[in-house]
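A.B. asks: Listed here are the chains, written in short residue letters.
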Amino acid sequence: MLQYIELSLKNLSYRKARAILTTLGVIIGITAVVSMVSIGEGMTKAVREQFEAFGTNKILVTSTMEYGVRGKGLTDGDVSNIEDIVGVEFVSPMYSVAAGGEFKGEEKVITVWGLDPGKAERTFSDVGGYRLLKGRWLEPGDRNVVVLGYRVHDDFFKSKVELGNSIKIQGEKFRVVGIFKETGDPEHDEAVMVNIDKLRELMGREKSVTAIVVRVKPGYDVDEVRQKIEDSLERRHEGVEFDVFTSQQLINAISSSLKVIQVVFGGIAGVSLIVGGIGIANTMIMNVVERTQEIGIMKATGATNSQVMRIFLFESGVFGFFGGMIGVLIGYIISTIINELAENYLGPGVLTTAVTPSLAFYAISFAILAGVISGLYPAYKAVKLDPVEALRA
Amino acid sequence: MIEYIKYSFRNMVQRKSRTFLTLSGIVIGIAVIVAMISIGEGMRRTVNEQLDKVGADKIYVSPAGFFGGGFGPPKEFVPFGNAELREINTIPGVKKVAPMYFASAKVKVGTEEVTANIIGGTEEGIELYREFLTLKEGRYIDETETEAVFIGYYVSKGMFEKEIRVGDYLEISGKKFRVTGIIEEIGSKPDDSQIYMSIKAAQSLFDVGDDINFIMVQADSKGVVGEVSKKIEERLKKLRGGKDFEVLTTEDQAGQINQVLDILTFVLGGIASVSLLVGGVIIMNTMLMSVIERTREIGIMKATGATNYRILGVFLAESSLVGLVGGAVGIIFGLVTSKMIEEIGQFYIGTLFETYVSVTVLIGALIFSIIVGSASGAYPAWKAAKLDPVEALRYE
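Protein sequence lines correspond, in order, to chains A and C.
Counting in our numbering, the first sequence runs from 1 upward without gaps.
Counting in our numbering, the second sequence runs from 394 upward without gaps.
None of these hints come from the bench; they were simulated from the model.
A few of these clues could be false.
[Said to hold, decoys possible] DSSO-like, lysine-lysine: derived pairs with alpha carbons at most 27 Å apart: (1) C:K582 <-> A:K158; (2) C:K631 <-> A:K168; (3) C:K631 <-> A:K158; (4) C:K555 <-> A:K108; (5) C:K499 <-> C:K569; (6) C:K489 <-> A:K259; (7) A:K104 <-> C:K631; (8) A:K108 <-> A:K160; (9) C:K409 <-> A:K381; (10) A:K134 <-> A:K108; (11) C:K630 <-> A:K207; (12) C:K499 <-> A:K259; (13) C:K529 <-> A:K173; (14) A:K228 <-> A:K259; (15) C:K499 <-> C:K550; (16) C:K409 <-> C:K446; (17) A:K384 <-> C:K409; (18) C:K569 <-> A:K158; (19) C:K529 <-> A:K104; (20) C:K446 <-> C:K501; (21) C:K568 <-> A:K160; (22) C:K624 <-> A:K108; (23) A:K173 <-> C:K630.
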């Protein structure tokens with residue numbers, strides 16, 4: 001074993017430039033694959049963490065709003081029905097709507113979330129893991145006040161919206177009493193939170209609910225409670241569909257679509273690894289030609305075909321190994337840079353990348369495999385050499 | 394003598410496999426780039442053709458959040474009503490106003506149940522649709538018919554096991570509708586899966602009063618579209634108390650879609666170019682070897698009066714040639730790959746999915762591969778030019 005290593009290292013440095021270039025091909029290939037996959041892995045991880053913060057004992061009920069069949073969605077009646085289900089600890093209804101927002105004469109469509117003011121803090125802080133940057137949460141009795149997502153405060157409008165300012169929603173004034181910390185999720189950072197009743201009045205949609213957040217009591221089975229909620233909804237709304245998700249289901253759904261993206265991007269990047277393999281094959285063939293005499297001597301002094309084969313396969317595997325190692329390293333650096341850039345330009349948590357140990361392991365194994373496969377033909381050529389002819393070369 | 398022939402023959406074979414491998418690097422790189430770009434280009438062409446068909450004189454008005462809600466919890470939108478219609482109708486430059494109600498519903502045929510998109514429209518809507526839809530058989534519906542539909546091609550063929558023909562009945566949300574006509578295949582499954590009925594029928598089927606969630610407006614001419622859409626925005630803002638709706642022209646729509654496709658093409662092409670970079674590294678490697686092997690030859694060339702500049706040129710020409718040939722072959726493979734992707738895409742998405750390779754892309758790919766070839770050859774060529782002739786001649 002040691003012999004093989006020694007021999008291949010010696011040959012590698014023999015033609016240094018060639019070895020460097022050959023390895024470089026693999027390095028670039030592996031770097032591309034690792035950075036691509038790391039973006040996908042990072043997104044999956046971010047999603048997972050976000051939902052884990054949401055907690056695995058939560059259930060989200062939403063109307064299937066595909067082209068929103070109005071008048072048949074969730075209502076306050078469903079909320080009180082769900083409250084009565086055994087095993088349900090906490091129920092918080094939401095009404096969200098895309099409404100017309102206005103600040104200092106600038107008008108933009110803005111997402112408005114209506115919440116029960118008494119439950120807002122519990123729903124978002126406890127359940128959602130959201131924190132305030134300034135000011136306070138909605139409180140019971142609040143009517144024309146609003147809590148802003150970070151971006152709405154920061155750069156949604158041309159000028160910053162501060163505590164005490166007023167913004168208009170559908171023409172009515174709301175005073176800013178709180179601002180959320182940045183979450184990196186634009187859906188949250190670009191939304192504002194107001195009293196659900198006030199909002200529904202404003203939109204003319206009394207009793208309408210677009211989502212219900214449910215927390216299951218400790219000791220109760222989440223899936224069982226989910227089933228009960230589904231049954232209760234089905235009884236009340238015949239022929240209308242609702243989505244009842246547990247966090248686990250949400251994680252699985254999003255993760256699997258991210259997997260597809262990961263495979264496509266990783267696959268296109270993987271082509272460069274194939275090209276890197278061609279580079280190895282090219283170099284190995286030159287090697288075999290140059291070392292024809294050496295191979296002749298090896299064979300004459302009793303080396304078996306399988307030994308010769310192994311020497312060359314090992315050598316091409318070494319290209320793959322080093323290329324893979326360095327590629328993973330550079331891939332890691334690139335992935336970190338992407339992380340930094342994404343954090344600066346997109347905000348924290350929007351796009352995180354991650355080179356997991358298993359990704360590093362697979363990338364290096366893959367590189368070695370590519371090296372060995374590329375070495376097959378040259379190694380076979382070396383084995384096939386006639387020792388007598390080879391010695392005469 | 395025979396020995397020498399054998400030797401040089403073997404050498405040639407060796408060289409051949411080296412040349413072959415060096416070329417394949419570039420070939421694969423260019424093929425992947427061409428194939429990837431062809432996806433983006435094809436999509437752009439299809440989309441723009443479709444939008445052209447619909448016409449640049451159209452304006453689309455919809456409540457904000459009606460199309461696509463992103464990842465967050467579902468949002469409600471405030472639908473339009475007759476007040477919005479009246480308002481738009483009074484705007485100068487408006488030729489036709491077509492209110493619509495879009496919904497998705499369960500459609501039953503026999504025991505099969507499928508969710509499909511329903512579009513409810515008025516006479517004006519059907520008239521506008523007739524400008525870009527062609528009827529395959531049967532007839533369009535009349536505004537006053539409340540139990541009749543005309544259907545997309547896929548609804549008639551493919552959505553259900555049984556083919557749906559004119560005169561057949563569909564059960565939509567529990568109510569029976571007779572099929573009066575079938576639309577010619579458009580080529581995209583979502584568009585071919587629509588079911589059209591009168592807006593009154595849709596509003597009563599979904600029990601929504603006189604709600605309207607989409608308004609298609611036709612302006613007098615392309616020239617006034619911008620002006621009219623601005624007017625619509627102003628008037629509706631006043632009417633609804635805030636800007637909780639979107640107004641888009643066909644041009645806006647094309648712009649938005651093209652922007653997304655640009656990014657897609659750029660990202661896919663960018664990732665694919667990494668292969669070409671690796672291909673370039675292989676060229677450099679091969680050229681470097683070739684310089685070392687031909688050290689003596691270079692020495693002789695120099696001794697017999699070749700300038701450094703000339704030697705640089707010889708090697709650069711060689712690597713550029715590798716780039717050119719690799720690029721040309723790569724383009725052929727790229728076209729084949731792109732055709733394969735098209736076949737797969739058409740199977741899943743519909744016949745509208747096509748890949749397209751423009752002449753610009755072909756020329757660009759060729760130039761790009763020559764650049765990669767010569768750039769990769771630059772260092773080896775420089776090394777060759779720099780060789781000391783005396784040393785080079787002594788080289789074994």
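A.B. asks: Against this structure, judge whether each hint is valid.
C.D. replies: Now the hints, each set against the structure:
Between the alpha carbons of K582 of chain C and K158 of chain A the distance comes to roughly 41 Å, so the proposed pair goes past 27 Å and is violated. For the hint pairing K631 of chain C with K168 of chain A, the CA-to-CA distance comes to about 14 Å; that is within 27 Å, so the pair holds. Taking the CA atoms of K631 of chain C and K158 of chain A, the gap is about 22 Å. The hint holds against a cut of 27 Å. For the hint pairing K555 of chain C with K108 of chain A, the CA-to-CA distance comes to about 48 Å; that exceeds 27 Å, so the pair is violated.
Of the supplied pair hints, the one linking K499 of chain C and K569 of chain C holds, its CA atoms being roughly 12 Å apart against a limit of 27 Å. Between K489 of chain C and K259 of chain A, the direct Cα distance comes to roughly 46 Å. Violation of the 27 Å bound is thereby established for this hinted pair. Pair hint K104 of chain A plus K631 of chain C holds up; C-alpha atoms about 17 Å apart against a cutoff of 27 Å. Under the criterion of a C-alpha separation no larger than 27 Å, the hint pairing K108 of chain A with K160 of chain A is consistent with the structure, at around 14 Å.
Only pairs whose Cα atoms come within 27 Å are accepted, and K409 of chain C paired with K381 of chain A is accepted, the gap being roughly 14 Å. Of the supplied pair hints, the one linking K134 of chain A and K108 of chain A holds, its CA atoms being roughly 24 Å apart against a limit of 27 Å. At most 27 Å may separate the alpha-carbon atoms for a hinted pair to count; K630 of chain C and K207 of chain A meet this at roughly 26 Å. Between the alpha carbons of K499 of chain C and K259 of chain A the distance comes to roughly 30 Å, so the proposed pair goes past 27 Å and is violated.
Under the criterion of a C-alpha separation no larger than 27 Å, the hint pairing K529 of chain C with K173 of chain A is inconsistent with the structure, at around 54 Å. At most 27 Å may separate the alpha-carbon atoms for a hinted pair to count; K228 of chain A and K259 of chain A exceed this at roughly 32 Å. Using a Cα cut-off of 27 Å, the hinted pair K499 of chain C and K550 of chain C holds, with the two alpha carbons roughly 17 Å apart. For the hint linking K409 of chain C to K446 of chain C, the alpha-carbon distance of about 53 Å lies beyond 27 Å, and the restraint is violated.
Only pairs whose Cα atoms come within 27 Å are accepted, and K384 of chain A paired with K409 of chain C is accepted, the gap being roughly 18 Å. Annotation: proposed proximity of K569 of chain C to K158 of chain A is violated, straight-line Cα distance about 53 Å (limit 27 Å). Using a Cα cut-off of 27 Å, the hinted pair K529 of chain C and K104 of chain A is violated, with the two alpha carbons roughly 54 Å apart. Restraint check for K446 of chain C and K501 of chain C: the C-alpha separation of about 32 Å exceeds 27 Å, so the hint is violated.
For the hint pairing K568 of chain C with K160 of chain A, the CA-to-CA distance comes to about 53 Å; that exceeds 27 Å, so the pair is violated. Among the hinted pairs, K624 of chain C with K108 of chain A is consistent with the structure: their alpha-carbon atoms are about 17 Å apart, no more than 27 Å. Between K173 of chain A and K630 of chain C, the direct Cα distance comes to roughly 16 Å. Compliance with the 27 Å bound is thereby established for this hinted pair.
Of the numbered hints listed earlier, those contradicted by the structure are 1, 4, 6, 12, 13, 14, 16, 18, 19, 20, 21.
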